[in-house]
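Colleague: Now for the letters of each chain:
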Amino acid sequence: MDYSGIFTYMYSEIALIGVIVAALLYDLAAGEKGRRFFHHAVCVLMLLFIAGTVVPYHKETAGIFGGMYIYSPVGSIVKSILAIGTLIVFLQAEPWLRREDTRFKRGEFYVLVLSTLLGMDFMISAGHFMMFFLGLELASVPMACLVAFDKYKGNSAEAGAKYILSALFASGLMLYGISFLYGTTGTLYFEDMPAGLTGSPLQILSLVFFFVGLGFKLSLVPFHLWTADTYQGAPTAVTSYLSVISKGAAAFALMVILVKVFAPMTEYWQLMLYIVIVLSITVANIFAIRQKNLKRFLAFSSISQAGYIMLAVISGTPYGMTSLIFYVLVYMAANLAAFGVIGTIEQHTHGKVSMDDYNGLYSTNPKLAVTMTLALFSLAGIPPFAGFFSKFFIFAAAFEEGFHVLVFIALINTVISLYYYLLVVKAMFINRNDSPVATFRSDGSTRLGLVLCLAGVLALGIVSSIFDGINLYAFGM
Amino acid sequence: MEYTILILLLPFLSFILLGLLGTRLKPSVAGAAGTIVTGAVAILCYWTAFSYFGAGRDASGVFPTLIPWNTVWLPFGGSLHIDLGILLDPISVMMLIVISTVSLMVHIYSFGYMKGERGFQRYYAFLSLFTMSMLGLVLATNIFQMYIFWELVGVSSYLLIGFYYTKKEAVAASKKAFIVTRFADLGFLIGILIYGFYTGTFSFTPDAPALGAAKALLPLALGLMFIGGAGKSAMFPLHIWLPDAMEGPTPVSALIHAATMVVAGVYLVARMFPLFIGYAPEVLHITAYVGAFTALYAAVVACVQSDIKRVLAFSTISQIGFMIVALGVCTSADPHEGGLGYMASMFHLFTHAMFKALLFLGAGCIIHAVHSNEMSAMGGLRKYMPVTHITFLVACLAIAGIWPLSGFFSKDEILAACFRFSPVMGGIMTFIAGLTAFYMFRLYYCIFWGNENKELHAEHRPHEAPYSMTIPLIFLAAVTLFAGWIPFGEFVSSNGQAYHIHIDWTVAGISLCVAAAGIALATWMYLREDRTVADGLAVRFSGLHKAAYHRFYIDEIYQFITHRIIFACISTPVAWFDRHVVDGFMNLLALVTNKVSWLIKGIQSGNVQRYSIWVLGGALGIAIVLLLI
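For the record, the sequence lines run as chains A and B.
So for the first sequence, the working numbering puts the first residue at 201; every next one is plus one.
So for the second sequence, the working numbering puts the first residue at 682; every next one is plus one.
Calculated from the structure, these hints are not laboratory results.
Everything numeric in this text was worked out from a predicted model, so none of it was measured.
Just so it is clear, CB atoms sit at the ideal spot from N, CA and C, and this is done for glycine as well.
Please note: incorrect hints may appear among the correct ones.
[Said to hold, decoys possible] Computed spacing ranges between beta-carbons, pair by pair: (1) A:Gly644 with B:Tyr727: 39 to 47 Å; (2) A:Gly551 with B:Gly1298: 30 to 38 Å; (3) A:Leu247 with B:Glu798: 42 to 50 Å; (4) A:Val221 with B:Gly1298: 52 to 60 Å; (5) B:Val1277 with A:Val221: 48 to 56 Å; (6) B:Ile724 with A:Leu247: 35 to 43 Å; (7) B:Thr1253 with A:Val605: 51 to 59 Å; (8) B:Gly800 with A:Leu228: 38 to 46 Å; (9) B:Ile1294 with A:Val605: 24 to 32 Å; (10) A:Lys305 with B:Ile724: 58 to 66 Å; (11) A:Gly644 with B:Ser1286: 39 to 47 Å; (12) A:Gly644 with B:Gly797: 47 to 55 Å; (13) B:Val1277 with A:Gly399: 31 to 39 Å; (14) A:Thr384 with B:Ile1294: 26 to 34 Å.
Using the sequences plus the hints, can you model the full thing?
Modeller: Have a look at this one:
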């Protein structure tokens, strides 16, 4: 067997493993003094990693390990986006990691996060269902540890337990579905699978069960129920990672598999997605308007955002793929900004995350309030912020494929979503508060993270070359 | 010449910096930063002009059109795409000089004029924004980029007119300016879209097949574009915003509402000139009639206004009318064969920018000294303000068209072009030139001579303005004195070939006589302390005087149309539909959402076993739906 392809095509994963090993060794070897620079070291390593892999090296798709692993330029773009998001999460996690009770285990945080990232990378590049499943599990199991990172806090432990139990259940169903697929087609290679797919009842069942596994990751209705509890209980940095990076990877993998592997069953999965999109967007919105806790609120917001992302998947076109990646990128900027603000306020006020606590925030912390507002505007899709453009492209992708009613339903839901996003803005700017959050100055690392996100919110939509750049690679899907 | 990108980037950076730092900067630091950046931009512009014209003509005898920098911003598929870039050709380079010079003068002048004002930093930030937008407008490589900067210019004008936002009149004026020009811009946008759709490009110079395909609709597209230009350049009947825009700080009036932004419409027509001449000459002639009527109307109104800035505002409208007329009377692209007007219009744009900026800045000094815009508060100021007096006189002579000041040369070319088009047009424009001389000298005498308001002046003695204000006056006066001798035709002409200006002394003689008559009449009526003649005329023709003073009730007509017809007959029913039907639907949506939310909140129980049942149940439910279909 020829192994020369490993280094030419798997460079991203190998470099990431290098970063993980380096972080692990640093954690073991560094003394008390050296640990003070752990954060900087990891961020620099990530920066080098991103700089080295951000532009795809190869313009063609190639399979190695006999087709178990498939390199594609568009997948490489997604990996870069996820890595950038991870770096921002690291920046925003810093004040939390510096605290007394988490300082000693910060090495674990980095290694666990990077392990899930590695899992997602493998999931994105999988060419075989077993490879895909391994990647998915590598992304899930360390995630449970992360959710329960503040393990002496009841909330966090409960969230971890709920996450791992739900994940196990979803994975079980998914494996069950995959076994049906193997039984009916005799193969697990993505490449060979379409030839054996006929749309028989058993295969429909396996499609749905397979979908449950990714639907869980994306927290689509009705597989979403763990989301709010987990998002609320997990440390904020983990929640933001969970809501953005994990979802982005799953959405991309889902689109690739549905379009490439389940191509003969397109009408079935389109109908399935149709149902799930309508449910996700609507149900999530209905729940979101009731939330008083901002992390729960953003949990439901992220469910409805996942529903919007599925609009790109349902189109099944290269243009849809571009819109999906662009949407993930924009969503990442906005959501990380929102969670960044929530996280820093939580740090400085000993855990205030209720919407009432945000009353009058503008008068004491105007910059944070404005950042939050812009992030929410982008999430709601108000022009000229990036969210407007990404929603526009997604809607256009689905509309062009004839899903007119679906797009209309999604449009009505954006109006509803505007209501609850503006509730937060109203709290910050208009509501009065006798004891608002005291004025504070957040640390440099958090601010850098927020500035990066804000730059994304403001610039991604205007600088059209980004969309075009992604588009260039997406046609190689 | 890639460095030309700095011409846009520098003021943009200055705007961002001043805007973000705001009051954290000391006013003098903010002002100095803005001025230094503008100075650097001016140097860059001069250098660009020097190297552009210095590089000489190409083999075909024209200055080449350069695009030193261009990027595709928004591709639409096919040949249609919006570019952002920089285009250098004779008129854009000429505009660079005008804008950067006047902008620099206004920056320096504002140091004195705006001293101690609240929002000094904000003022300089907006000036930078305006400078960037205006430079971007003239440097645009395509019509859509021009439109983008066109709107940016509109926004900065809005912000600066409403600079004193605590003053009710200023707020109303800024809204009026924005709404009227936006309304006109709608025509511009539709014109652009028609143009882009049928020619398949936003470029100023589409290739022949594309133009052939769009031939039938080009006159419409160009006509609509002219409506946008008419809005910005305050052509009748879209001129109503400009007099009110004088509520802004006076240096702003000099920069935006006299020298640069208001001539954007002229620039637009000049930019599209090859298409106008080639495909829509009749539309071009319509613009000439619009311009001529506007020039006459504004000149008549200017004769009776009492607010000195309003007189200057109407004078600006009238002079822009001259420029539009000059473009409109062109009948071919050859300057020797009826294309003279193009060069004349651009020449007048150049000279007018300088002396009108000078007039406004001079008016600013006067207002600064007596704290009023009304002529009744002035009179006899020549004793107190010698520098302002002399420079103002230079500008008045220039706008009246007296040899050897710059206005004489450019106005003479315009009149020559008009006479070539038709003697009637030439006659009318000569008459307006006479009126111009009359109302400008009426203004001059009422400010500096005549009946002094001694009571007011005793209470608050007028004084000459500080150096930061008088130096720009002296500089602009020097330019006004000598700009006429620039061989303008060597640089700018309708077909790009060198054109040697030769003065037609018959036309020049007539116009000089008319101007002298206008000045003489004004001298006779207004020089003396008592104004029996002027007052007597005002009483005898009281109807006409009153109508002209109220600007022939155009504003009232607008009020009537908007309030009585549009608001009452269209807006009110639409508002009812919006309130009851559209909002009703939204309220229904909210009600349903709320009710459903109560009904299903039990699902989110927090019990993880239940969650799994929902997952399994959901999966099986979907599977059943798929199987049944």
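Colleague: Could you tell me whether the CB distance from Ile724 of chain B to Leu247 of chain A stays inside 35 to 43 Å?
Modeller: Once the Cβ atoms are compared, 39 Å apart, the range 35 to 43 Å for Leu247 of chain A and Ile724 of chain B holds.
Colleague: Do Gly644 of chain A and Ser1286 of chain B keep their Cβ atoms within the hinted range of 39 to 47 Å?
Modeller: 42 Å Cβ-Cβ, so the 39 to 47 Å window holds.
Colleague: If I claimed the Cβ atoms of Val1277 of chain B and Val221 of chain A lie 48 to 56 Å apart, would that claim hold in this structure?
Modeller: With Cβ atoms ~51 Å apart, the hint holds.
Colleague: That 38 to 46 Å hint for Gly800 of chain B and Leu228 of chain A (C-beta), does it hold up?
Modeller: 59 Å, violated
Colleague: How does the Cβ-Cβ distance of Lys305 of chain A and Ile724 of chain B compare with 58 to 66 Å: does it lie in that range?
Modeller: 59 Å, holds
Colleague: Is 24 to 32 Å right for how far apart the beta carbons of Ile1294 of chain B and Val605 of chain A are?
Modeller: With Cβ atoms ~30 Å apart, the hint holds.
Colleague: Between Gly551 of chain A and Gly1298 of chain B, does the C-beta distance stay in 30 to 38 Å?
Modeller: 36 Å, holds
Colleague: In this structure, is the beta-carbon distance linking Thr384 of chain A and Ile1294 of chain B contained in 26 to 34 Å?
Modeller: 27 Å, holds
Colleague: Please check whether Leu247 of chain A and Glu798 of chain B have a Cβ separation lying inside 42 to 50 Å.
Modeller: 46 Å, holds
Colleague: Using the Cβ atoms, figure out if Val221 of chain A sits within 52 to 60 Å of Gly1298 of chain B.
Modeller: 44 Å, violated
Colleague: Is 47 to 55 Å a correct range for the gap between the Cβ atoms of Gly644 of chain A and Gly797 of chain B?
Modeller: 38 Å, violated
Colleague: Lying within 39 to 47 Å: is that true of the beta-carbon distance Gly644 of chain A to Tyr727 of chain B?
Modeller: With Cβ atoms ~43 Å apart, the hint holds.
Against the hints set out earlier in the document, violations occur for numbers 4, 7, 8, 12.
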